[in-house]
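Engineer: We have chain R already, so just place chain P with the ligands on it with the hints.
Respectively, the protein sequence lines represent chains R and P.
According to the working numbering, the first sequence holds residues 173 to 407 in order.
According to the working numbering, the second sequence holds residues 11 to 395 in order.
Watch out, some of these pointers could steer you wrong.
Residues from chain P that face chain R, not an exhaustive set, calculated with beta carbons under 10 Å [what the hints assert, rightly or not]:
{"#": "1", "residue": "Met11"}
{"#": "2", "residue": "Arg185"}
{"#": "3", "residue": "Gly213"}
{"#": "4", "residue": "Ser310"}
{"#": "5", "residue": "His311"}
What follows is a list of derived Cβ distance ranges for each label pair [to be verified]:
{"#": "6", "chain 1": "R", "residue 1": "Val388", "chain 2": "P", "residue 2": "Arg393", "range": "33 to 43 Å"}
{"#": "7", "chain 1": "P", "residue 1": "Val279", "chain 2": "R", "residue 2": "Gln364", "range": "56 to 66 Å"}
{"#": "8", "chain 1": "P", "residue 1": "Arg293", "chain 2": "R", "residue 2": "Gly245", "range": "52 to 62 Å"}
{"#": "9", "chain 1": "P", "residue 1": "Val279", "chain 2": "R", "residue 2": "Ala359", "range": "57 to 67 Å"}
{"#": "10", "chain 1": "R", "residue 1": "Gly245", "chain 2": "P", "residue 2": "Gly366", "range": "39 to 49 Å"}
{"#": "11", "chain 1": "P", "residue 1": "Arg385", "chain 2": "R", "residue 2": "Arg235", "range": "17 to 27 Å"}
{"#": "12", "chain 1": "R", "residue 1": "Arg184", "chain 2": "P", "residue 2": "Arg385", "range": "15 to 25 Å"}
{"#": "13", "chain 1": "R", "residue 1": "Thr352", "chain 2": "P", "residue 2": "Met390", "range": "28 to 38 Å"}
{"#": "14", "chain 1": "P", "residue 1": "Arg393", "chain 2": "R", "residue 2": "Arg235", "range": "19 to 29 Å"}
{"#": "15", "chain 1": "P", "residue 1": "Arg293", "chain 2": "R", "residue 2": "Ala349", "range": "29 to 39 Å"}
{"#": "16", "chain 1": "P", "residue 1": "Phe345", "chain 2": "R", "residue 2": "Ser248", "range": "55 to 65 Å"}
One-sided and incomplete, this derived list gives chain R residues near chain P with beta-carbon spacing under 8 Å [said to hold, decoys possible]:
{"#": "17", "residue": "Asn229"}
{"#": "18", "residue": "Thr232"}
{"#": "19", "residue": "Ser233"}
{"#": "20", "residue": "Gly234"}
{"#": "21", "residue": "Asp253"}
{"#": "22", "residue": "Phe261"}
{"#": "23", "residue": "Leu280"}
{"#": "24", "residue": "Pro281"}
{"#": "25", "residue": "Ala283"}
{"#": "26", "residue": "His310"}
Source of the hints: derived by calculation from the structure; they are not laboratory data.
Note that CB positions come from ideal geometry on N, CA and C, so glycine has one too.
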Amino acid sequence: MEHIVAQGLSRRYGTGHTAVDALLDVSFSINSGEFVAVMGESGAGKSTLLSLLGAMNPPTSGRYVVDGIDVYGLPSEKRADFRREYLGFVFQSQNLVPYLTLAENVMLPLAVVKESSRKKREMARAALERVGLEDLGHRLPDEVSGGECGRAAIARAVVNQPPVILADEPTGSLDSATGTRIMKLLADLNGQGSTIIMVTHSEASAEYANRLIRIVDGRLARSAHSPKAGVLLVC
Amino acid sequence: MNLLTIARKNLARRKGKAAFITAGLAVGAATVVAVAAFVGSMQADINHKLEQYGANILIMPEVKSLGLNYAGIQLGGVSVATREIPQEELALIHTIKNKANIAAVSPLVLGAVAVNGREVLLAGVDFSAVGIIKPWWKADGAFPVGDQALLGSEAARHLSLSQGGGFSLSGREIRVSGVLASTGSQDDNLVFMPLAEAQTILGKEGLVTMAEVAALCGACPVDEMVNQIAEKIPGVKVMAIRQVVQGRMDTLDKIKGLSWGVSGVVAVVGAMVMLVTMMGSVRERTREIGVLRAVGFRKSHVVKVLLAEAVALSVLAGVVGWVVGLAGAQAALVFLVDANHVRVALDPLLAAVSVGLTLVLGMAATAYPAWQAARLDPGMALRAL
Ligand SMILES: Nc1ncnc2c1ncn2[C@@H]1O[C@H](COP(=O)(O)OP(=O)(O)OP(=O)(O)O)[C@@H](O)[C@H]1O
Ligand SMILES: [Mg+2]
Numbered sequence: 173m174e175h176i177v178a179q180g181l182s183r184r185y186g187t188g189h190t191a192v193d194a195l196l197d198v199s200f201s202i203n204s205g206e207f208v209a210v211m212g213e214s215g216a217g218k219s220t221l222l223s224l225l226g227a228m229n230p231p232t233s234g235r236y237v238v239d240g241i242d243v244y245g246l247p248s249e250k251r252a253d254f255r256r257e258y259l260g261f262v263f264q265s266q267n268l269v270p271y272l273t274l275a276e277n278v279m280l281p282l283a284v285v286k287e288s289s290r291k292k293r294e295m296a297r298a299a300l301e302r303v304g305l306e307d308l309g310h311r312l313p314d315e316v317s318g319g320e321c322g323r324a325a326i327a328r329a330v331v332n333q334p335p336v337i338l339a340d341e342p343t344g345s346l347d348s349a350t351g352t353r354i355m356k357l358l359a360d361l362n363g364q365g366s367t368i369i370m371v372t373h374s375e376a377s378a379e380y381a382n383r384l385i386r387i388v389d390g391r392l393a394r395s396a397h398s399p400k401a402g403v404l405l406v407c
Numbered sequence: 011m012n013l014l015t016i017a018r019k020n021l022a023r024r025k026g027k028a029a030f031i032t033a034g035l036a037v038g039a040a041t042v043v044a045v046a047a048f049v050g051s052m053q054a055d056i057n058h059k060l061e062q063y064g065a066n067i068l069i070m071p072e073v074k075s076l077g078l079n080y081a082g083i084q085l086g087g088v089s090v091a092t093r094e095i096p097q098e099e100l101a102l103i104h105t106i107k108n109k110a111n112i113a114a115v116s117p118l119v120l121g122a123v124a125v126n127g128r129e130v131l132l133a134g135v136d137f138s139a140v141g142i143i144k145p146w147w148k149a150d151g152a153f154p155v156g157d158q159a160l161l162g163s164e165a166a167r168h169l170s171l172s173q174g175g176g177f178s179l180s181g182r183e184i185r186v187s188g189v190l191a192s193t194g195s196q197d198d199n200l201v202f203m204p205l206a207e208a209q210t211i212l213g214k215e216g217l218v219t220m221a222e223v224a225a226l227c228g229a230c231p232v233d234e235m236v237n238q239i240a241e242k243i244p245g246v247k248v249m250a251i252r253q254v255v256q257g258r259m260d261t262l263d264k265i266k267g268l269s270w271g272v273s274g275v276v277a278v279v280g281a282m283v284m285l286v287t288m289m290g291s292v293r294e295r296t297r298e299i300g301v302l303r304a305v306g307f308r309k310s311h312v313v314k315v316l317l318a319e320a321v322a323l324s325v326l327a328g329v330v331g332w333v334v335g336l337a338g339a340q341a342a343l344v345f346l347v348d349a350n351h352v353r354v355a356l357d358p359l360l361a362a363v364s365v366g367l368t369l370v371l372g373m374a375a376t377a378y379p380a381w382q383a384a385r386l387d388p389g390m391a392l393r394a395l
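Isolated chain R (complex conformation) (with noise of 0.2 Å):
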C-alpha cells in the first residue's frame, strides 16, 4: 500500500541572487512499514526533505501525500493537528525542551489533547519503558547524558504511536555503542510496524534500514541500493 508519496517536490529558499535551491523536483513513494535511509553529502538537502516530510517546510512546489491527505492542502493548523497525529519526530540534539522532566517531554504531544493526566503518564511510563528509561522519568535533560537524551527523544516520538517516525541524524553525537542502542530500538518499533524515514550520516546506521535514499544536490540519486539484501532498487 503506497503510504507517503512524494511528487516532484522542490523547496527554493530566498530569492534573486542568493537563491538556493535546496530540494529539485524528488519523487518517490514509501509503503507502510518500510524503513528508509536518507543520505547525502553535507549540505545536499536531507534536512530540508526531511522537515518537508515533517509538514513543517512548505514546498515551493510540488505534492505530498500520506494516506490520501494532501498535507500542504491543509490550513496551517490543521497541519500541526497532523503532525500530532500522524509523525513522530527525533532531533538530532537539544530538542527537549529543558524545563520539562524527561517523563514531562515525552508527555508534550499529548499536552494538547484531551486525556485524563493518569492516562497520559501511563502512556509516557509505556514510552520510557520502551526505551529503557523508566527510573530517569522524573529527571531534567541537563541531568541524563546525551544518549539518553535521545533515547527519551525516541520515547516522545512513539508516545502516541503515529504511524511514521522521522529522525534527523538520531545517532549523528553519540558514541557507537549508545547509537547502536538507539538504531536498535528504531529497528524494534519499524518491526512492531511503524514507518521510519531516518536521515543519517553513517552507514552503519544506514545498515538497518530496508532502503536507502541517496540524495544529490538536491535531487534524488538515480538508484539506490538496500544495504541489507544488497539488492539495487529504482526510486
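Structural biologist: Coordinates of chain P with the ligands only, in the frame set by chain R:
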C-alpha cells in the same frame, strides 16, 4: 500534563526573569495604587476636616439691601434683617432629598438688648446642635440652661462680667454660666442664651433670624442641597459656605492630575519592560517553540502557554503592587500630611483595580511576542541552534 503545566514549569525554571517581569509590572501597579490610596485618604481627611468646619449652609431671611458689614466691622450700626423665619419652617429641611446628609440644623435668633446700660446683641441658640455646628467653641464654664447666658469673650470684657456673675434683662435675673474662649469671629461679641428664653426676651416667639446647617460630608452635593432647601422654604436666602474648603479641593485636584499622569507613565514603562523581556524570551525559546510546533502544538496552543505565563506574572504583580502601593501611600501620608488619624483604607476595589491593570498591561505586552512566537515556522525554529 497540559498547557498550564508547561507554563508553570517554565516560570519555575526561569525565576530570575519571572521576578524581573513581575517587578516591572508591580512598580507600575504600586504607583497607581499609591496615588489612588493617597488621594483617597487626602479626600477622606478633607471630608473629616470639613465636618469640623461646622456649618456649611446658611439660611437667612431675604434682605432687600446689601448688609453694611464686612469681616465683622459694622458700618451701619446693628443691621438685623427686618424679616424673621418661622421656626417651624425649619423642620422642612429634614424633608429634602439629601436629608441623610444633614448632620444638624441650628436655629439662631438675634436681637439688640441693653445690658448694664450697654447695647449688645443677644443670640438665642439651640445648644444641643452647637457641638456639631460650632465644634471649635470652648467655653470656660458651662453652656447655659434656662435663665443663664454664655458670653462671648469680647462681650464679657465689654460688660465686665465673668462666670458666676449676673445681670438683669427684661426684668429677669440672668446668671453667666460661662465665657467663650476667643474665636476670632463675630461670636466674640455676642451674649448667648438658650433659644426659647432669647425668643421670649426679644419678643420673637416662634421666630428665628437665621439657621445654620451642617452637611455630613464634604463630597456631598452642597450646591444641590442649597437648591433643595430653597425650594422647600420659600422666601429665604440659602447660601453655601465653601471658600475655605474649595481652596484645598483645588489643590488636591491639581495633585491628583499630576500624580495620575506620573503613575500612568510608570505603568506604561512597566509594560514596556515586560514587552522587551517577553520578546527576548520568545527569541530565546525559538527552538523550544519549534519543538512544541513539531510535536503538534497549534499556534493557538503556543499562544496559550505564553499568555498563561503572562497571566500568572500579572496577577502576582498586581497583588505585590497593591501591597507595596498601600504601604507607600501610608508612608507618604505620615511624611507629607502628618495626620495621625488618616490611614489608607484596605479597599478591595483597589486590589481589583491593581490586578486588573497589571492583567491588561501584561496581556498587551505579551500579545505581540506571543503572536510572533506562534508565527514561527517550526522548521526554521528547529534550525535556529
Ligand atoms: N533556511 C534556509 N535559508 C537559506 N538556505 C537554506 C536554509 N536551509 C537550508 N538552506 C540551504 O539549503 C541547502 C540544503 O540544506 P539542508 O539543511 O537540507 O542540508 P543537509 O543535507 O541537511 O546538510 P547536513 O548534512 O549538513 O545537515 C544548503 O545549501 C543550505 O545552505
Ligand atoms: Mg541536516
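Engineer: Hints first: check each against the structure and report whether it holds.
Structural biologist: Taking the hints in turn, this is what the structure says about them:
The criterion of a C-beta within 10 Å of any C-beta in chain R is met by Met11/P, whose closest approach is roughly 4 Å, and the hint holds. Interface restraint check: Arg185/P against chain R, minimum CB-CB distance 89 Å, threshold 10 Å, status violated. Hint status for Gly213/P relative to chain R: violated, with the closest Cβ pair at about 93 Å, above 10 Å. Given the 10 Å rule on beta carbons, the hint for Ser310/P holds: about 7 Å separates it from the nearest Cβ of chain R.
Hint status for His311/P: holds, given a least beta-carbon distance of 5 Å to chain R, under 10 Å. Roughly 21 Å separates the CB atoms of Val388/R and Arg393/P, a value that falls outside the hinted 33 to 43 Å. Roughly 58 Å separates the CB atoms of Val279/P and Gln364/R, a value that falls within the hinted 56 to 66 Å. Distance hint for Arg293/P and Gly245/R: a CB-CB separation of about 32 Å, inconsistent with the stated range 52 to 62 Å.
Checked against the hint of 57 to 67 Å, the pair Val279/P and Ala359/R passes, with Cβ atoms roughly 58 Å apart. Against the hinted window of 39 to 49 Å, the Cβ-Cβ separation of Gly245/R and Gly366/P comes to about 44 Å, which satisfies the hint. Against the hinted window of 17 to 27 Å, the Cβ-Cβ separation of Arg385/P and Arg235/R comes to about 25 Å, which satisfies the hint. Take Arg184/R and Arg385/P: their Cβ atoms lie about 21 Å apart, and the range 15 to 25 Å holds.
At about 32 Å, the beta-carbon gap between Thr352/R and Met390/P stays in the expected band of 28 to 38 Å. Between Arg393/P and Arg235/R the Cβ separation comes to about 24 Å, which falls inside the hinted range of 19 to 29 Å. A hinted range of 29 to 39 Å holds for the C-beta pair Arg293/P and Ala349/R, which are about 37 Å apart. Checked against the hint of 55 to 65 Å, the pair Phe345/P and Ser248/R passes, with Cβ atoms roughly 58 Å apart.
Because the beta carbon of Asn229/R sits about 4 Å from the nearest beta carbon in chain P, less than 8 Å, this interface hint is met. The criterion of a C-beta within 8 Å of any C-beta in chain P is not met by Thr232/R, whose closest approach is roughly 13 Å, and the hint is violated. With its C-beta approaching chain P no nearer than about 17 Å, Ser233/R sits outside the 8 Å limit, and its interface hint is violated. About 16 Å separates the beta-carbon of Gly234/R from the nearest beta-carbon of chain P, more than 8 Å, and the hint is not met.
Because the beta carbon of Asp253/R sits about 7 Å from the nearest beta carbon in chain P, less than 8 Å, this interface hint is met. Proximity of Phe261/R to chain P holds as hinted, the smallest CB-CB distance being about 5 Å (cut-off 8 Å). The beta carbon of Leu280/R comes within 5 Å of a beta carbon in chain P, closer than 8 Å, and the hint placing it at the interface holds. With 8 Å as the threshold, the beta carbon of Pro281/R comes within range of chain P, its nearest partner Cβ sitting at about 4 Å, so the hint holds.
The criterion of a C-beta within 8 Å of any C-beta in chain P is met by Ala283/R, whose closest approach is roughly 5 Å, and the hint holds. Below 8 Å, beta-carbon pairs count as interface contacts, and His310/R has none with chain P, the closest being about 13 Å; its hint is therefore violated.
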